[in-house]
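Those sequence lines, one after another, are chains D and F. As numbered in this note's numbering, residues 1 to 418 make up the first sequence, in order. As numbered in this note's numbering, residues 1001 to 1153 make up the second sequence, in order.
No wet-lab data here; the hints were simulated from the structure. Any given hint could be a false lead.
Unchecked claim - The calculated lysine-lysine pairs, modelled on DSS-like cross-linking and capped at a C-alpha distance of 30 Å, are: (1) F:Lys1138 to F:Lys1049; (2) D:Lys249 to D:Lys340; (3) F:Lys1034 to D:Lys412; (4) D:Lys32 to F:Lys1038; (5) D:Lys412 to F:Lys1078; (6) F:Lys1042 to D:Lys152; (7) F:Lys1034 to F:Lys1049; (8) F:Lys1038 to F:Lys1135; (9) F:Lys1042 to D:Lys412; (10) D:Lys363 to F:Lys1135; (11) D:Lys363 to F:Lys1109; (12) D:Lys87 to D:Lys268; (13) D:Lys363 to F:Lys1015; (14) D:Lys363 to F:Lys1049; (15) F:Lys1051 to D:Lys412.
Okay, here's what each chain looks like letter by letter:
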Amino acid sequence: MKEAVQSIATTVDFNRIRSRDFPILEREVNGKPLVYLDNAASSQMPRQVADRLDRYHRMEHANVHRGIHTLSQEATDAYEATREKVKTFINAGSTDEIIYTTGTTDSINLVANSFGRLKFGKDDEIILSQMEHHANIVPWQMIAEQTGAVIKVIPVTDRGDIDMQAYKELLSDKTKLVAVVHVSNALGTVNPVREITEMARQHGAAVLIDGAQAVPHQTVDVQEIDCDFYAFSAHKMCGPTGFGILYGKKEHLDAMPPYRGGGDMIDKVTFEKTTYNIAPFKFEAGTPPIAAGIGLGAAIDYLQEIGMDQIALREQQVVDYALSKIRDINGIRLFGEPEKRASAIAFVFDQIHAHDVGTILDKQGVAVRTGHHCAQPILERFGESATTRASFSFYNNEEDADRLVEGLNYVKEFFQTD
Amino acid sequence: MLYFLSYRTMDIHEKQERIIKEFKVLGDWQERYKHIIKLGQKLDPLEEKHKKDENLVRGCQSQVWLIAELQDGKVVFKADSDAAITKGLVALMVRFYSGEDPDTIIVTKPEFIERIGMQEHLSPTRSNGLVSMVKQMKIYAMVYKSKLQQQAS
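Looking at chain D on its own, in the form it has when it is part of the complex (with noise of 0.2 Å):
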């Protein structure tokens, strides 16, 4: 098995597109060349989008949904090219489910203020997992306030993973949602979000599923795992910042209510009434970010061109390696040790803050993240303040790894904790 894997994994020669296609790779940072660990933050954009991007600004700009004229609907087509390639994508099963919004916070947030406005009541209960990001816990934080809903929590196991026996159980009749994330930014674990799903359905309790660091590592399909809602960002999947999308199902979005008024969302306006447009357009008001929309269109061909299966093999090669190197690291221990787990690998010294390991791999030009990954209470589940984090995507390779475990032995030596 371990073979085939091997071999399939070498038909796309990720060295080459990491030259060709990323030449910020090829740049210097503190003298040293640069070594892109924070991809969770975010992805780098490959030539192909950025040109996608300066076509569309130099010859092709107009706004979209209004014109009558040809650049007007140039754009537009373009533009809703990208609901197609989603669509096509996630396999969602219509294009009517794909809502433009500015990231996955917008996205959660969306779904919190429409859907969470609509269906929650006093002591209906929202589960959240303990590994959540800000964005999926504060906006039902604040819809939960509003509505009198209360929120729950499921725990996570020493491991790293959700702890599904006590998540069954926080399960009943007055569950009105679960939002979880696909896959964890601050520990790397990959949740079984098609078994919570089904979990959540057999008491009538819809799903929202956090996929921003999902989409980029692996095939997703929305329909095999039968969640309400999806949410994802563009950035970090080789797209530009300021674009996302939140995958809903048709029979929920064609109930939800708008949530931001203006141009573009609506049938008719009266000063007495305003019928809305039909979903998705009813949830994107104004202006939108074209060029953004179009690039993330441009991403979606360029990842496809490569293929998610196989970006998710090479994936899983080099942090396996970059994992196996960073276990033999003296004082290092690993922030999560999940079953599954997708390109993030998060870390603390025992002596060493995660602050002074960020500074001291930066002056080496390795780029990592540290702190607090924006989800405290996962943090704090382990008793941490920072971790530092090195998250990888298909274009790193060994030598980064490799570059990144010099760097710590180095962190080692310069704070002489051996």
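Starting from the known structure of chain D, fit chain F onto it as the hints suggest.
Coordinates of chain F only, in the frame set by chain D:
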């Protein structure tokens, strides 16, 4: 004149020059950072009872605690951090501003940071909190200034 200088404490500008001189002999970034870390290690430890949330400087990735008191019209700062490099920078700031009168603290910028090659830590968008710490020190100075004015009137 020299005689006179040696018999009074250094003013803030002299402190600044002294710090710059101290770093001038250090070569590469490693030496400078190691010196910073050593300064942190030598910083008078802040008593545990002061390491509470209300003394935390906001906006830091690492935790920085800062307290201040007024002694004979001068503001005396004490601080600590859980990260070594930040603690060293904190130690420098305490050395620079502590013992000065409120007006001096309010108007004097920590220009030495740039001269010793640590300017990246004073970028307003950097989340290590040094900027927030300087801001907090100045807020303390402003509070003590108005207190002193009230006492005088």
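To see whether the hints hold, each was checked on the structure:
1. F:Lys1138 to F:Lys1049: OK: Lys1138 (chain F) and Lys1049 (chain F) at ~23 Å, within 30 Å.
2. D:Lys249 to D:Lys340: It holds: about 28 Å lies between the C-alpha atoms, which stays within 30 Å.
3. F:Lys1034 to D:Lys412: Satisfied, since the Cα-Cα distance of roughly 13 Å is no more than 30 Å.
4. D:Lys32 to F:Lys1038: holds, 26 Å
5. D:Lys412 to F:Lys1078: With a Cα-Cα distance of about 29 Å, the restraint between Lys412 (chain D) and Lys1078 (chain F) holds, given a limit of 30 Å.
6. F:Lys1042 to D:Lys152: violated, 46 Å
7. F:Lys1034 to F:Lys1049: holds, 29 Å
8. F:Lys1038 to F:Lys1135: Distance ~24 Å between Lys1038 (chain F) and Lys1135 (chain F) Cα, so the pair holds.
9. F:Lys1042 to D:Lys412: Measuring from Cα to Cα gives roughly 20 Å; hence the hint holds.
10. D:Lys363 to F:Lys1135: OK: Lys363 (chain D) and Lys1135 (chain F) at ~27 Å, within 30 Å.
11. D:Lys363 to F:Lys1109: Judged against 30 Å, a Cα distance of about 26 Å means the pair holds.
12. D:Lys87 to D:Lys268: holds, 28 Å
13. D:Lys363 to F:Lys1015: Given pair Lys363 (chain D), Lys1015 (chain F) holds - Cα atoms ~28 Å apart, limit 30 Å.
14. D:Lys363 to F:Lys1049: violated, 35 Å
15. F:Lys1051 to D:Lys412: holds, 27 Å
Of the hints listed earlier, those the structure fails to meet are numbers 6 and 14, in rising order.
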